[in-house]
Amino acid sequence: MNVLEINNVTKRFGNLVAVREVSLNVAKGELCAIIGPNGAGKTTFFNLISGFFPPTSGTIIFDGRDITRLATHQRVARGMARTFQITEIFPELTVFENVRIAAEVAGGYRLRPWINRVEATKVRAHVEGTLKLVALDNRSDRLVGELSHGDQRAAEIAMALALKPHLLLLDEPTAGMGDQETFQISQLIRKLHRDSNYSIVLIEHDMRVVFNLADRVCVLDQGRMLAQGTPKQIAANEAVQAAYLGHAA
Amino acid sequence: MQSRKLIVLVAIWAVLLLAPYWMAPLGGYTALATRVLVLGLAAMSLNFLLGFTGVLSFGHAAWFGLGAYGAGLTLKHLATSTPLALLAGMLLGGLCGAILGTLIVRRRGVYFAMVTIAFGQVFYYIAFQWSSLTGGDDGLRGFARQPIDLGVFRLDILTDATAFYYFVLSCFALAVAAMGFILRSPFGRTMIAIRENERRSRFLGIPIERHIWIAFTLSCFFMGFAGALYALVNNFADPHGLHYSQSGDFVMMAVMGGMRSFWGPLLGAAVFVVLQDYLSSVTVNWMSFVGLLFILVVLFFPRGLLGFFQRSRA
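Chains as they are written, first to last, in this note's numbering: chain A, 1 to 249; chain B, 1 to 314.
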């Protein structure tokens, strides 16, 4: 069963074709990594999946339902959550408050002008459980803006997790991190994937992370899907090597 | 932390409750305190949107003025009942805000502010031109707040300034309690989320436009209520109450007092009203002095007067 089925999706900005007829299926419980040189259309592709803007053509099926034209919040309500390449958090709120907003939306309380004690306790337990999962439970009273870069990313992942998604979209989760932090975040993603069985799509530049974690690797180049396969197949793929060497070396 | 908040809260309410007793010895008078409360409520209503949802309305005087006309017209033509007048004013301001809000919330930032000015001015010109109903430029006269019958005894808010002050204070307390309650709720937290990071909020599954619309509408109801009280204060309503310069005054009160703090706009309103009262008896150019103070506050205390006090204590 596929969580996500993307069929021939294209996105144009004027004359620029940022994503060109890309198709991708993500199976339940799969961890799929998207790689590609800068400007390959990876983030645009993510924005299409998460509903930041609609595709010019093509369809997106999520959990068996067509979500191509749905707004972001409707996709979130169906179980999709994402993080951003540049961390998007509420810097002036505490870690707990950040995650609580997500937890209250997930609990269906977002329009409520009150919350009773039982519900508040449930929300609190959910927030604390999520913070434990990302190992931020000892920093829940700190302002998120004061945390280290790595911890901020973990907090953003916690917010996404608190939505109880069945598809997690991570846009360069290790961007701008040192080796130690990269290792910690990869361990976290591995844990989410292996132990909690999340379906995950991630964009990543760090090849160690990609080849360590991914069940499948998709390579985008100039808006096209250049290749898909297991990490081993991709490493041996000549077209991929050409795309990377051609751009990077 | 928690206990200090409680002390501040007790202090604020003590100051408000005892105002008729300490104002006079300091050279003030009770009616001035009443005005502070009403304009403070208006500034806090605006700040409910500005400070806690992060969207700037520059036309909020429209809902304030509509509230005033709603109350005045009710007293003049429909029923000689103060509570009904307040209710009518609140509904008029709130419902008009709710309807136009559906159009306004589609814009963001500067465009949002511009659209609110435009709609505000529409109501100003209606009030100005429709003389047969509103009295036009002369304003709406010929009504007065009515004593409140509480069964066992009558509260004479018409002639007894102190009784009226306490009546307004209880209305103020109700409205402010409702605001505080909402801000501490899950919905209130989504408002703050939108203020802090709109994109993050959208991707947490919050439909931004709808939530801003609800916050806007609530703010308009509070504003209408404040406007209705204002009509009772003056026994008079005039088009100036809807004018964008009045909206500007409310923004000034909120920013001067501190828009990130709940009580800031009340302090801003107090400074504004007291200065206006004192300076306008000295010079017709009183606004220059208020403006100067505003500039100084914005330059040196960007978080407003209350924000400055809070910071220096911390």
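Accuracy of the hints is not assured; some may be wrong.
Some but not every residue of chain B turned toward chain A, in silico, with C-beta under 7 Å [unchecked claim]: (1) Ile-99; (2) Arg-189; (3) Glu-196.
Quick caveat, the hints were computed from the structure, so don't treat them as lab data. From the three backbone atoms N, C-alpha and C, an ideal C-beta is built for every residue, glycine too.
Cross-check of the supplied hints:
The criterion of a C-beta within 7 Å of any C-beta in chain A is not met by Ile-99(B), whose closest approach is roughly 20 Å, and the hint is violated. A distance limit of 7 Å between C-beta atoms decides the matter here; for Arg-189(B) the minimum to chain A is near 6 Å, and the interface restraint holds. For Glu-196(B), the interface hint holds, the least distance from its beta-carbon to any beta-carbon of chain A being 4 Å, beneath 7 Å.
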